[in-house]
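Novice: Please construct the entire structure, taking both the sequences and the accompanying hints into account.
First to last, the protein sequences are chains A and B. Using our numbering, you'd call the opening residue of the first sequence number 1 and step up by one each time. Using our numbering, you'd call the opening residue of the second sequence number 88 and step up by one each time.
It is worth saying that the hints were derived from the structure and are not from the lab.
Beta-carbon label-pair distances, calculated as ranges:
no.: 1; chain 1: A; residue 1: Glu-65; chain 2: B; residue 2: Asp-340; range: 27 to 33 Å
no.: 2; chain 1: A; residue 1: Pro-46; chain 2: B; residue 2: Asp-155; range: 23 to 29 Å
no.: 3; chain 1: B; residue 1: Lys-697; chain 2: A; residue 2: Ser-12; range: 43 to 49 Å
no.: 4; chain 1: B; residue 1: Lys-798; chain 2: A; residue 2: Pro-62; range: 53 to 59 Å
Chain A stretches covered by chain B per the calculated footprint, using a threshold of three residues with CB under 8 Å from any CB of chain B:
no.: 5; region: 5 to 17
no.: 6; region: 25 to 32
no.: 7; region: 39 to 47
Positions of the beta carbon are idealized from the N, C-alpha and C atoms, including for glycine.
Single-letter residue listing:
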Amino acid sequence: MPILGYITIPQSGAKDRLLAELNDIEFCEAFPAENADILVLVTDTPDKETEEQLQQQLKNIPSLESLSMTFGYNDELHKGEHDDNEA
Amino acid sequence: MTMKLDRRSFIKSAAATSAIATAATLFPGITFAGWDKLQDASGMITWKKAPCRFCGTGCGVLVGVSGDRAVAVKGDPNCSVNKGLCCVKGYHSVQALYGKDRLTTAKVRKNGKMVEVPIKDALDLIASKMKETITKHGKDSVAMYGSGQWTIPDGYVASKLFKGCLGTNNVEANARLCMASAVTGFLTTFGTDEPMGCYEDIEEANVIITWGNNMAEMHPVLFSRMLASRKRKTNVEIIDFATRYTRTSQAADKSIIFKPQTDLAVANAICYEIVRNDWVNWDFVHKHTAFYKGKTNIGYGLEDHFKFTDKAEPISFEDFKTFLKDYTPERVEKISGVSARDIRYMASLYGDPAKKVTSFWCMGMNQHTRGTWINNLVYNIHLLVGKISTPGNSPFSLTGQPSACGTVREVGTLTHKLPHGVVMNEGHRKMAEKIWDLPAGSVDPKPTYHTVEMFRALDRGDIRFMWIQVTNPMVTMPKLKRYRDGALKEDRFIVVSDVYPTPTTDVADVILPAAMWVEQEGMFGNSERRTQHFDQIVPPPGEAMSDTWQLIEVARRLGFEKQFPWSEEEYIGKIWEEYRKFHDSPKHNMAPYKVLKARSGVQWPFVNGKETRWRFNAKHDPACSNGEDFHFYGKKNNKAWIWARPYEPAAESPDQEYNFWLNTGRVVEHWHTGSMTRRVPILHNAVPSSYVELNPDDAADLGVVNGEMVKIISRRGEITMPAQINGRGVPPRGMVFVPFFDEKYLINEVTLDSFCPISKQPDYKKCAVKLEKA
Ligand code: SF4
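Specialist: Here it is as structure tokens:
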């Protein structure tokens, strides 16, 4: 069940549209920089299949210029760490 | 279910934080205000203010809390330091609270093994061991070694217990290793410590010169402010004057490389040019400055019991002009490797009356065997042209640690200092004895050991008991082997309070688990005289306890209940209000507790409800009383002192056999010895281990490529580590650079324990080594 963090760059003039489009997608939370044409996107999908579908969906957003991942987490890969991060 | 939700929200916050931090490195000045709304809307995170845990910039942060766990950090938009920005360390700082091997219980050495004990038992043992040591060996056989990462209350109670109650001046802090030359620079030039300016100088200046200071990595948020100002305005120029090419050089308009130690000669050459071109601001110089010379050939402190006292002798301007004759740009070019043209260019920037100039420095000028002198010399430049104490005109000494100013310099946790003044001064001692409710004569009038000498005394056996809090000297002491062997000797008792195991806890007889940062209430004081309060935001783990409270517990066991009467609920506020009495004057008044609690930092002097931005300037500083535009009230003659200080070589320079300079320092991702940041996966993965930076031509001569192992050998020791070629920093030929954050590669086995005879601060930037391909 991956959680991923991205920097997203909108097509010129499409920052607000991209923000709305991303936030409309289930599993996505996006928020904009106040003073630059950049959005931060965090995705949280329940399984591999959904993740793959989401990736496809993101690729097809017309207002999106580029997407670069800065953070990746997958429960499957981090099983042993569960307790350390528990509140 | 709640646990699950917290955990995912924690990871999502980390994902967002990581993206924000990356964006901030790509686009300096970027802010993300929408994040909090999003998080708040989810109802999972509440935000509480604090200063950042790490560097002396003192960014205000908002710590996001979910349940009783800190899960995220963002810049505090209400804090004028960073206006919502953070660097990569700041954004990931809360993760440093939750490393797997966090110390949560006390441990005591029994038959050579560390054994867990209830913290009460450990505190009992510490108190009885202190009593026993004092009885057997006298009061000066016990010592406290703290830190610029101590909170203000930590340092204050340490000083009160050791200097006041026990009557020993064996109190030092690691800020001796990073800030002492700045202090003696201020005291010798102005008679009072800490910068006259503030960070607003960055936006006001037209020219910013960094003197041996890689701000892009060490003070990244201030550097972002510089870049943003240059972008916004058309007339801003950044000059990087340094001994190696760094990220700062890359972003600067001009990079000027000088040979180690020769900044002294270049600074004098700049003064020579200012005088020769008659760029002197005569009105300012006549009214506000006086000229002096001190002793020369002052040594390097390499011997045990080394002593030095400077003697100031007044000289005339003409004497000063004659002194400068040795520093023509052409002559200095030969010493420094800086072209006469570049020296003249720098002089012209300082000399141009239409330009506002700010100089920034940090470890490059302070970790220097003539650290006090080079601080004096940069002040000379600013004083000659009268570019000081006005917006944009600032000689600005930055601090490394979050509370080097607040705790070490203002509270005075150095052997010769008191919260107000020095132990040598009867009036200052009396003030301390009165505020501390101690009999007259409790404070000893004689300073004992500065840091290097304190560890030498531990090795010799003059000191038998040492309590170390919030610092890691078994990584950071120069010529480390001697001091580690000393700490391990029979009949030495070492107490270490820390948050993670370190090479210093390895030598401990007692380890106390400490509360970290926002797990306790406290205050820090940053580089621009800003005191920053933070509440306890999350609970400390296990039996971990604030360093302040550990000291109070021991003080009470030693019979000083009267001096340490406070309850656990209110001790920080009470300590602050007691401490504030020491600074009750317009020159240094501190804000009341409730003001500190309410604001994202308050600058002192805080007088009649107002903070002071530019000291010594009558328009801004309520302590100015001479009726002039400026009043340098720190010195008895009400003048700032311009010093004739010559160029003298380093304690050890490369020769035929040891033919390279070794320079050591830091990287942006790691905080000092890395004990916290190496536990943050993103920071650790960014720079997982230390390395030696080589010039590509030297690497080719040696036959090493990136990642191959190089042996670095000095007269003290040797170390083998991977090479980095054309990485983020590139030293000139004949120099190598090693970051010290990695305990796997203890570079201080190799360094030299020479120091500035005036400040007693060691020089970590210069010693001679040879290299071999390993
Ligand atoms: S610049 Fe310093 S104070 Fe600011 S966030 Fe980074 S480490 Fe913290």
